[in-house]
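A.B. asks: The chain contents come next:
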Amino acid sequence: MSHNLATTEEHHPALAHQFDTMDQQREASTFGMWVFLLTEIMMFGGLFTAYLIYRHKYYTAFVGGSSSIDVTWGFANTLVLIGSSLTMAMAVWAAQNGKRRQQMIYLALTMILGVAFLGVKAKEYYEKYDECHIPGQVIGKGFNATGGCDAGDPKKGNIADDLESRNVPPAAAAQIARQTEIFFSFYFAMTGLHATHMLIGLGVLAWLFLRAKRGEFGPEYYTPVENVGLYWHFVDIVWIYLFPLLYLISRNGHEIFS
Amino acid sequence: MSTATQPASQLVMPAKHYLNDNYGIRSWLLTKDHKRIAVLYLFSITFFFFVGGLFAAMIRLELLTPAGDLFTSDTYNKLFTMHGINMIFFFLIPSVPAVLGNFLVPLMIGAKDLAFPKINLLSWYIFIVGALFSLATMVTGGVDTGWTFYTPLSSGFVKTHVILMAVGILTAGFSSIFTGLNFIVTVHRMRAPGLTWGRLPLFIWANYAASLIMILGTPVLAITLILLALERGFHIGIFDPKLGGDPVLFQHMFWFYSHPAVYIMILPGMGVISEIVTCFSRKRVFGYSFVAFSSIAIAVFGFVVWAHHMFVAGISTYSAMVFSLLSFAVAIPSAVKVFNWTATMYKGSVSFETPMLYAFGFIGLFTIGGLTGLFLASLGLDIHIHDTYFVIAHFHYVMVGGMVMAYLGGLHFWWPKITGRMYPEGWAKLAALITFIGFNLTFFPQFILGYMGMPRRYHAYPEEFQVLNVLSTAGASILAVGFILPLIYFLYSMRFGEIAGPNPWQATGLEWETSSPPPTHNFEETPIVTEEPYHYGADREVTVVP
Amino acid sequence: MQYKLPLFPEQASTVAGPVDGLYLFLVLITTFFSLLVGLLILFFAIKYKRRPGHEAEQIHGSTLLEIIWTVIPLGISMVIFVWGAALYFHERRPPANALEVYGIGKQWMWKFEHPSGQREINALHVPMGRPVRVTMISQDVIHSFFVPAFRVKQDVLPNRYVDVWFEATKPGTYHLFCSQYCGTKHSAMIGEVTVMKPDDYAAWLVGGKVDGSLASEGEKLFQELGCITCHRADSGARGPNLTGLYGRPVRLNDGRTVIADNNYIRESILNPNIKIVSGFQPIMPTFQGVVSEEGLIQLVKYIETLSLQQGEPLNNRTSPSEIRDNEVPNIQDQMKQQNAAPQPLPGKKP
Chain W
1 MSHNLATTEE HHPALAHQFD TMDQQREAST FGMWVFLLTE IMMFGGLFTA YLIYRHKYYT
61 AFVGGSSSID VTWGFANTLV LIGSSLTMAM AVWAAQNGKR RQQMIYLALT MILGVAFLGV
121 KAKEYYEKYD ECHIPGQVIG KGFNATGGCD AGDPKKGNIA DDLESRNVPP AAAAQIARQT
181 EIFFSFYFAM TGLHATHMLI GLGVLAWLFL RAKRGEFGPE YYTPVENVGL YWHFVDIVWI
241 YLFPLLYLIS RNGHEIFS
Chain E
1001 MSTATQPASQ LVMPAKHYLN DNYGIRSWLL TKDHKRIAVL YLFSITFFFF VGGLFAAMIR
1061 LELLTPAGDL FTSDTYNKLF TMHGINMIFF FLIPSVPAVL GNFLVPLMIG AKDLAFPKIN
1121 LLSWYIFIVG ALFSLATMVT GGVDTGWTFY TPLSSGFVKT HVILMAVGIL TAGFSSIFTG
1181 LNFIVTVHRM RAPGLTWGRL PLFIWANYAA SLIMILGTPV LAITLILLAL ERGFHIGIFD
1241 PKLGGDPVLF QHMFWFYSHP AVYIMILPGM GVISEIVTCF SRKRVFGYSF VAFSSIAIAV
1301 FGFVVWAHHM FVAGISTYSA MVFSLLSFAV AIPSAVKVFN WTATMYKGSV SFETPMLYAF
1361 GFIGLFTIGG LTGLFLASLG LDIHIHDTYF VIAHFHYVMV GGMVMAYLGG LHFWWPKITG
1421 RMYPEGWAKL AALITFIGFN LTFFPQFILG YMGMPRRYHA YPEEFQVLNV LSTAGASILA
1481 VGFILPLIYF LYSMRFGEIA GPNPWQATGL EWETSSPPPT HNFEETPIVT EEPYHYGADR
1541 EVTVVP
Chain S
2001 MQYKLPLFPE QASTVAGPVD GLYLFLVLIT TFFSLLVGLL ILFFAIKYKR RPGHEAEQIH
2061 GSTLLEIIWT VIPLGISMVI FVWGAALYFH ERRPPANALE VYGIGKQWMW KFEHPSGQRE
2121 INALHVPMGR PVRVTMISQD VIHSFFVPAF RVKQDVLPNR YVDVWFEATK PGTYHLFCSQ
2181 YCGTKHSAMI GEVTVMKPDD YAAWLVGGKV DGSLASEGEK LFQELGCITC HRADSGARGP
2241 NLTGLYGRPV RLNDGRTVIA DNNYIRESIL NPNIKIVSGF QPIMPTFQGV VSEEGLIQLV
2301 KYIETLSLQQ GEPLNNRTSP SEIRDNEVPN IQDQMKQQNA APQPLPGKKP
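From first to last, the protein sequence lines are chains W, E and S. The C-terminal residue of the first sequence carries number 258 in the numbering used here, and the numbering is unbroken. The C-terminal residue of the second sequence carries number 1546 in the numbering used here, and the numbering is unbroken. The C-terminal residue of the third sequence carries number 2350 in the numbering used here, and the numbering is unbroken.
Treat the hints with care, since some could be wrong.
Pairs of lysine-lysine, DSSO-like flavour, derived with a Cα cap of 27 Å [unchecked claim]:
1) K2275/S - K2220/S
2) K2275/S - K1242/E
3) K2047/S - K1347/E
4) K1429/E - K2220/S
5) K1118/E - K213/W
6) K128/W - K1159/E
7) K1242/E - K1159/E
8) K2106/S - K2220/S
9) K2106/S - K1159/E
10) K1032/E - K1016/E
11) K2197/S - K2170/S
12) K2185/S - K1159/E
13) K2047/S - K1429/E
14) K1242/E - K2106/S
15) K1118/E - K1016/E
16) K1347/E - K2049/S
17) K57/W - K2049/S
18) K1118/E - K1032/E
19) K2185/S - K1242/E
20) K57/W - K128/W
21) K1429/E - K1347/E
22) K213/W - K128/W
23) K57/W - K1242/E
24) K2185/S - K2106/S
It is worth saying that the hints were derived from the structure and are not from the lab. Note that the coordinates shown come from a computational prediction; the quantities given were computed from them, not determined experimentally.
Here chain W stands alone, though its shape is the one from the complex:
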């Protein structure tokens, strides 16, 4: 049944022992990355489904929560991330064409933009802390925090107090505040999971940068750059879903519950 087959082997230094040709290695690696991204879709998908279920259940509170997060910063982050996908694609192109310096430049740019994204996110998180929109009392200034959060200011403050100051009765206010807490829990969970993926991506990019610096990538072998590119684009696409779902849909201006 089996004959002896003399295989012609390419002796590219990056050819792993289990593969016969660089082509096979490239196809297998890329396919593997796509399968991995499929698992990521399922994970984020589970979280998004739970978010949508609660959005339907507590529509008013979720719309209010959406309206209170800063769409300007969110939009800025969207541009940053799309830009980083562009620089990533350029890095892949540079690797494909063996342009070592440009690879390094574009990878560095991608990392810088990624860090910028995380920086903006950190600022947004701090804003939420300042406005007492962090659920529970996890970090001290929670929904139920007293002092330090001004009631009466529609964009700041303990949401329950804020609602009551606009003549929503206490019972309704407490309830809507609780539901809004659920919104913010999802907000932090979803953006947090996304940010974690970005952090990991940044780490991988740094590793890739070092390898590019050593001149490891060229027309015969640029698969790692391509696959990291796929991962990075995926993280970008997750944000493209997150941004409308969290910030945009049913937005009613900057006031909560106007």
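For chain W, the structure is supplied; the task is to place chains E and S on it using the hints.
C.D. replies: Only chains E and S this time, still in chain W's reference frame:
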């Protein structure tokens, strides 16, 4: 009963093979060889099998008497929880894929290794980290929510280490994801020349289908457990009704993974049975394409039946009807397989070595277990038997009578390939028989107990249930012997077993065309496949690799 | 230790027989196919045992056989499905004239309340020959109400009423189990359902100390908690009139229409601002933490009885369409005053 073409005395171990290629603990802990990783998994999951088994023994001891007099209620609740968690996540789910699959998939398709050997090793390390979390939970007091972690009990009422255990399970889940990912890419991209999809061994089809489930379902478990941990730690309020949450949502999310998980567990076992039945009937599998596609069908249908665990949980009558209908549909491909295996023996040339005995056990017990699943899928009947010992009997029939028997059968079948030595056939047959008897005595009474109304997870029970419980415990003590025997004789055979030679069963399949144990790089030269699988027949050339 | 080895619980309800019938059918199917497969394997193993000179015949398969053994199991499955679904439909639809009992599950006991006021703990007395509907809720985690002799089971959820119904056919005492794992004493959360002949049941109802019927207790609460201040039938009432409400459709301010069932009423007491009746303002305070689950059941029962008054037209002064525009500011002023000085509300704590 040797079936080698050469006299046993002429068989020698190959000079160099994957086990002696490199010595030292580093060569094992940093290996990229799929075969060594399979052996690492073998030892790890065997450990957890006996941990889970120990808990089972304690449960059955307690249930000898109607009163809860051996352990406190809290301890008992921890026992059945830890039994379930260890058996499912740290034994059954990895068992065939991570041990036999890791070892055999590259060999069966003529490849030198899996597509991503380093990820393969990583998957073992991730498994160990998850296992350590599980052990940590056990030694610091355990968890007592049941392996199903229903909220709000688990998110707000118990005081045990739910989060620690949840982290352990979700970590082990990532191990499963990486294994599945590796298999899928390997099967797609690394088949030997001439090995088309239609020539793949059914073991490959089965593991491929299970891998599809692994990569699609396990991430949902991960996010469910993360949300559970957030709920428990930060009271975000998505599963706790007092905070505005919905406890039934947890059940939907949990079962969305955990139902397909049972197919992750059984499909690879079915693949093993296909390989065994064909070899010991000297005949190709009857209806190859139907068996192959039924694996895929089970994987697909398995994703749309999850709420059959929730018929009395408060879901609407209409959705219950849909899930019941689909649950009947998912049973059909399994039935098709059973009939095909039976038909394979028709006009075959049947022998009764230990692997075949386990295959017989599997076919019979899986049939019973699978059919009792129909009882549970029937809505009106499920109302009565849901959450009773009937369910416990059902899943132990398919998981132990089915899956564990398949795993043991596979271990025996490929033991010579993995170790180069044969296990002692006499002892093995005895152990198979003891296991079969012990198993039935343990679990058949539980069907009756369940219909009588004994609920699950009961520490103490009304007196009229005692006779059946005693029978069950008696069976468990016999079953324990049946499981301990292989541990002993397998260990013994590693050193003193008869040398097996490359193909002691005269089986078809690329894995038998290399030495036992195989060299690290699997094949001296990449094989080319020109024939159908299971090409037993008078015109077959049996090549013996020097 | 008992030496009885029965195979079935007693058949003590109208569905027990049909459920057992389906079970027996499935047992027969299972036995048949298991024996078929088992005997075939045994037969083939013996007949085709490996012998010198006998080669295996390489058979690929048979599409016809594949079709047969796909279609026949599918057909049998469909029969089982329809049978089971029909039973389920029947079991999920309580008859309209069912006797109502209310149940509360909590770690680790059952509390039952009859409309006439009897309370039972871990015991439930029911008459035979009459459908009984048990409306249940949990105070903490998910439990499950399981009576093997009746073949009924229903998970009991927190924050939501669920129903189970049965019609007992045989006097006697039967096990009640909690069948959804609920923590430490899950296996101790058991009780007894006692089925009595109708006369005995009637006697039992009037015997024993009883506070008052559920509805009358509910009426007391309705007044004590101040519900009566807003929910009146006269002009100027701030809340919808509840007479004739139970079981009727209610139009909400977001356009939806819901039915005023047990769950709606309970939710309106605990979380009044989730659903606002059209034309009214979200001014009702929540009674979460103020009323126990028992109290809620009493209130629900009381409101249910408000619909039993005959001849009263549904038309009332404060039905939504009748609030005139120029009255709205007055009502709003009253709301502000009410909310500015919140008063502690009397009532039963859990």
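A.B. asks: Checking against the hints above, which ones are violated?
C.D. replies: Structure breaks hints 4, 6, 17, 22.
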